[in-house]
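K.L.:
Sequence:
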Amino acid sequence: MTRKLKVSAIGNSTGVILPKDVLERLRVGRGDELMVRETPDGIVLSPYDPELARQMDVAEKIMRKRRNLLKKLAE
436 MTRKLKVSAI
446 GNSTGVILPK
456 DVLERLRVGR
466 GDELMVRETP
476 DGIVLSPYDP
486 ELARQMDVAE
496 KIMRKRRNLL
506 KKLAE
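Throughout the sequence shown, residue numbering follows our numbering, covering 436 to 510 in sequence.
These aren't lab readings, by the way, just hints derived from the structure by calculation.
Any given hint could turn out to be false.
Ranges of calculated distance between the beta carbons of each label pair, as one might list FRET restraints [unchecked claim]: (1) LEU505 with GLY477: 21 to 27 Å; (2) LYS439 with PRO475: 21 to 27 Å; (3) ARG472 with LYS500: 15 to 21 Å; (4) ASP476 with LYS506: 20 to 26 Å; (5) ARG501 with THR437: 17 to 23 Å; (6) ARG501 with PRO454: 40 to 46 Å; (7) VAL442 with GLY466: 18 to 24 Å; (8) THR437 with MET470: 20 to 26 Å; (9) LYS455 with ARG501: 40 to 46 Å; (10) LYS441 with VAL471: 17 to 23 Å; (11) ILE452 with GLU495: 28 to 34 Å; (12) ILE452 with ALA488: 36 to 42 Å; (13) GLU459 with LYS439: 15 to 21 Å.
With a straight-line Cα cutoff of 20 Å, these simulated SDA-like cross-link-like pairs (lysine to any residue) come out [said to hold, decoys possible]: (14) LYS506 with ASP484; (15) LYS506 with THR474; (16) LYS441 with LEU453; (17) LYS506 with GLU495; (18) LYS496 with ALA509; (19) LYS439 with LEU458; (20) LYS496 with VAL457; (21) LYS441 with ASP456; (22) LYS439 with ILE478; (23) LYS439 with VAL479; (24) LYS455 with ARG438; (25) LYS441 with VAL457; (26) LYS496 with ASP484; (27) LYS439 with ILE452; (28) LYS496 with THR474; (29) LYS455 with LEU480; (30) LYS500 with ASP484; (31) LYS439 with GLY477; (32) LYS455 with GLY466; (33) LYS500 with GLN490; (34) LYS455 with ARG465; (35) LYS439 with LEU461; (36) LYS441 with VAL479; (37) LYS441 with LEU480; (38) LYS439 with LYS496; (39) LYS507 with ILE497.
Each residue gets a CB set at the ideal place from its N, CA and C atoms; glycine is no exception.
Could you put the whole structure together from the sequences, leaning on the hints where they help?
P.N.:
As C-alpha cells, this is what we get:
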C-alpha cells in the first residue's frame, strides 16, 4: 500500500492525519500510542508495546557498546 499524506499544522504542533483504513490496519484508534522505528528500509509505525520498546532500548545500547565486535562478526 502506498499512500500520500500531508504534513499539517495541528494546534501548535505538526502532524500527519492517518486515514481510517490505515488506523484499522494498525489496530489503533484515537488516543492510542504508536511506536516509530527507523529501519534500513525506512520508518515503521506500529502500536506502542512497552515491552518491545524496552527490548529495543537494550538492543541499541548493546549494539553501541559492542559496535566493533559486531562489525568483526559480520565480516
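K.L.:
Each hint: holds or not?
P.N.:
Here's how the hints hold up against the structure:
In this structure the supplied range 21 to 27 Å holds for LEU505 paired with GLY477, their Cβ-Cβ distance being about 22 Å. The beta-carbon spacing between LYS439 and PRO475, approximately 23 Å, falls within the hinted interval of 21 to 27 Å. The hint said 15 to 21 Å for the Cβ distance between ARG472 and LYS500, and at roughly 20 Å that hint holds. The beta-carbon spacing between ASP476 and LYS506, approximately 21 Å, falls within the hinted interval of 20 to 26 Å.
As the Cβ distance of ARG501 to THR437 is approximately 37 Å, the hint placing it in 17 to 23 Å is violated. Taken as a hint, the range 40 to 46 Å holds for the pair ARG501 and PRO454, whose Cβ atoms sit roughly 41 Å apart. Taken as a hint, the range 18 to 24 Å holds for the pair VAL442 and GLY466, whose Cβ atoms sit roughly 21 Å apart. For the hinted restraint 20 to 26 Å between THR437 and MET470, the CB-CB distance of approximately 22 Å keeps it satisfied.
A hinted range of 40 to 46 Å holds for the C-beta pair LYS455 and ARG501, which are about 43 Å apart. A beta carbon spacing of about 18 Å between LYS441 and VAL471 agrees with the range 17 to 23 Å that was offered as a hint. In this structure the supplied range 28 to 34 Å holds for ILE452 paired with GLU495, their Cβ-Cβ distance being about 30 Å. For ILE452 paired with ALA488, a C-beta distance near 24 Å fails the hint of 36 to 42 Å.
Look at GLU459 against LYS439: about 19 Å separates their beta carbons, and that is inside 15 to 21 Å. Between LYS506 and ASP484 the CA atoms are separated by roughly 29 Å; this puts the pair beyond 20 Å, and the hint is violated. The hinted pair formed by LYS506 and THR474 meets the criterion: a straight-line CA distance of about 18 Å does not exceed 20 Å. Proposed proximity of LYS441 and LEU453 is supported: the alpha carbons are some 10 Å apart, at most 20 Å.
Straight-line distance between C-alpha atoms of LYS506 and GLU495 comes to about 14 Å, which keeps the hinted pair within the 20 Å bound. Simply put, LYS496 and ALA509 have alpha-carbon atoms about 18 Å apart, close enough for the 20 Å limit, and the pair holds. This hinted pair checks out: LYS439 and LEU458 have alpha carbons roughly 15 Å apart, not beyond 20 Å. Taken as a hint, the LYS496 and VAL457 pair is broken in the structure, with Cα atoms around 32 Å apart against an allowance of 20 Å.
Distance hint between LYS441 and ASP456 is fulfilled; the C-alpha atoms sit about 16 Å from each other, no more than 20 Å. Using a Cα cut-off of 20 Å, the hinted pair LYS439 and ILE478 holds, with the two alpha carbons roughly 15 Å apart. Between LYS439 and VAL479 the alpha-carbon distance is near 15 Å, which keeps this suggested pair within the 20 Å criterion. For the suggested pair LYS455 and ARG438, the alpha carbons sit about 13 Å apart, so the restraint of at most 20 Å is met.
Distance restraint check for LYS441 and VAL457: the Cα-Cα separation of roughly 14 Å lies within the 20 Å cut-off, and the hinted pair is therefore satisfied. Between LYS496 and ASP484, the direct Cα distance comes to roughly 19 Å. Compliance with the 20 Å bound is thereby established for this hinted pair. A distance of roughly 11 Å separates the Cα atoms of LYS439 and ILE452; the hinted pair therefore holds under the 20 Å criterion. A threshold of 20 Å between alpha carbons decides the hint, and for LYS496 with THR474 the separation of about 16 Å falls inside it, so the pair holds.
Of the supplied pair hints, the one linking LYS455 and LEU480 holds, its CA atoms being roughly 15 Å apart against a limit of 20 Å. Annotation: proposed proximity of LYS500 to ASP484 is violated, straight-line Cα distance about 24 Å (limit 20 Å). Note on LYS439 and GLY477: the hinted pairing holds, with a Cα-Cα distance of about 15 Å set against a maximum of 20 Å. Between the alpha carbons of LYS455 and GLY466 the distance comes to roughly 14 Å, so the proposed pair stays at or under 20 Å and holds.
About 15 Å separates the Cα atoms of LYS500 and GLN490, which keeps this hinted pair within 20 Å; it holds. In summary, the hint linking LYS455 to ARG465 is supported, as the alpha carbons are separated by about 10 Å, within the 20 Å threshold. Taking the CA atoms of LYS439 and LEU461, the gap is about 17 Å. The hint holds against a cut of 20 Å. Taking the CA atoms of LYS441 and VAL479, the gap is near 17 Å; set against the 20 Å cutoff, the hint holds.
In summary, the hint linking LYS441 to LEU480 is supported, as the alpha carbons are separated by about 16 Å, within the 20 Å threshold. Between LYS439 and LYS496 the CA atoms are separated by roughly 34 Å; this puts the pair beyond 20 Å, and the hint is violated. Between the alpha carbons of LYS507 and ILE497 the distance comes to roughly 15 Å, so the proposed pair stays at or under 20 Å and holds.
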